[in-house]
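**Q** Residue numbers (numbering that gives the first Met the number 0), protein chains in the order written: chain L, 0 to 160; chain V, 0 to 137.
Any given hint might turn out to be false.
[As the list claims (entries may be wrong)] In silico lysine-lysine, DSSO-like type, Cα no more than 27 Å apart, as pairs:
no., chain 1, residue 1, chain 2, residue 2
1, V, K62, V, K134
2, V, K127, V, K62
3, V, K62, L, K69
4, L, K59, V, K88
The set of hints was computed from the structure by calculation and includes no laboratory data.
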Amino acid sequence: MAPTPLAATSTIVLHNEMLQYTLEKYPDSAIERVEQMGFSIGLRLVERLALASTRPLLGKANDVVMFICKDFWTAAFGRQATNLRQQRGVFYITDNAFPWIINVSRGGPKDAAESTLRSLILSFASAVIGGALSSLGAVGSVVPNAHGDQVEFTVTGQFMA
Amino acid sequence: MSYSFVIVSKNDSPIFEYVLNGDASESGHLNQFIIHAALDCVDEAQASTTQWFLRCVDRFNDKSIFAYITAGLTRFMLLAEPTSSTSIKSEDAIRSFFLDINECYLRHVMNPFYVEGQAISSDSFREKVANVARKYLL
Chain L
0 MAPTPLAATS TIVLHNEMLQ YTLEKYPDSA IERVEQMGFS IGLRLVERLA LASTRPLLGK
60 ANDVVMFICK DFWTAAFGRQ ATNLRQQRGV FYITDNAFPW IINVSRGGPK DAAESTLRSL
120 ILSFASAVIG GALSSLGAVG SVVPNAHGDQ VEFTVTGQFM A
Chain V
0 MSYSFVIVSK NDSPIFEYVL NGDASESGHL NQFIIHAALD CVDEAQASTT QWFLRCVDRF
60 NDKSIFAYIT AGLTRFMLLA EPTSSTSIKS EDAIRSFFLD INECYLRHVM NPFYVEGQAI
120 SSDSFREKVA NVARKYLL
């Protein structure tokens, strides 16, 4: 399964179009659908990545989260996560310039549509991360928290070891 | 040399089964039992190593069970039973077998219509497994 080169912006365009389509067609259940999609995408991405990676994966929580921050982040978002903090079993993964959000404006009070898209992108991203974690044996939740272009994901859950 | 190959999902349910060279009716049920019992040993081995290939996790009389775990915590179990003619293949051959099966499994899982934990009923997957088994285990 040799990787084919692909323009980075094409994935962002694809995501945005998909999210907008979901918003328009299913305004009530958009978030659940997007989360389901993200979850299964995360699962598949991890299955694919694990064959290629040399990093030890199974078992320890630290190994799993390191893999997420480095290999998985590079594959999904094009770069490594900026910061990882751990506090009492809860992991905080920070990305200073989250690629999926960087081109979407924050939206002020008069621009409600764009900020909905922003929060949808964040739920999609956290669902993808959640799917990856669950595939590696972690049972928990990923909560996104955005300040401008900097996004912090709070990962709580139980790992296998 | 007869082999029973089972893919067990993360929730301990079998999603695929394949028998090579063996008489499925005669010892089929016993083999399934043995493989199921070996799942505990797989869990133990999983905790102790960071490799995908878990080698021989269990033995029952003269049958050995080899296991391999994927990233999504799906387990490939291979039960090897020596018959009169040949001896057991080397661990390297079994490891290559598992790696190739992992490739086939990966392609199958990439299908967006595949729900995790569902039985694999695709004929082409079965054919691929048969080819890989013939290549490494015969």
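**Q** Holds or violated: L/K59 with V/K88, Cα cutoff 27 Å?
**A** The given pair, whose Cα atoms are some 32 Å apart, is violated under the 27 Å limit.
**Q** Do the alpha carbons of V/K62 and L/K69 lie within 27 Å of each other, as the hint requires?
**A** Since the Cα atoms of V/K62 and L/K69 sit roughly 41 Å apart, the hinted pair is violated (cutoff 27 Å).
**Q** Are the Cα atoms of V/K127 and V/K62 separated by 27 Å or less?
**A** Between V/K127 and V/K62 the Cα gap is close to 25 Å, so the pair holds against 27 Å.
**Q** V/K62 and V/K134 were given as a pair; does the straight-line alpha-carbon distance stay at or below 27 Å?
**A** 21 Å, holds
Going down the numbered hints, you'll see the structure goes against 3, 4, while the others check out.
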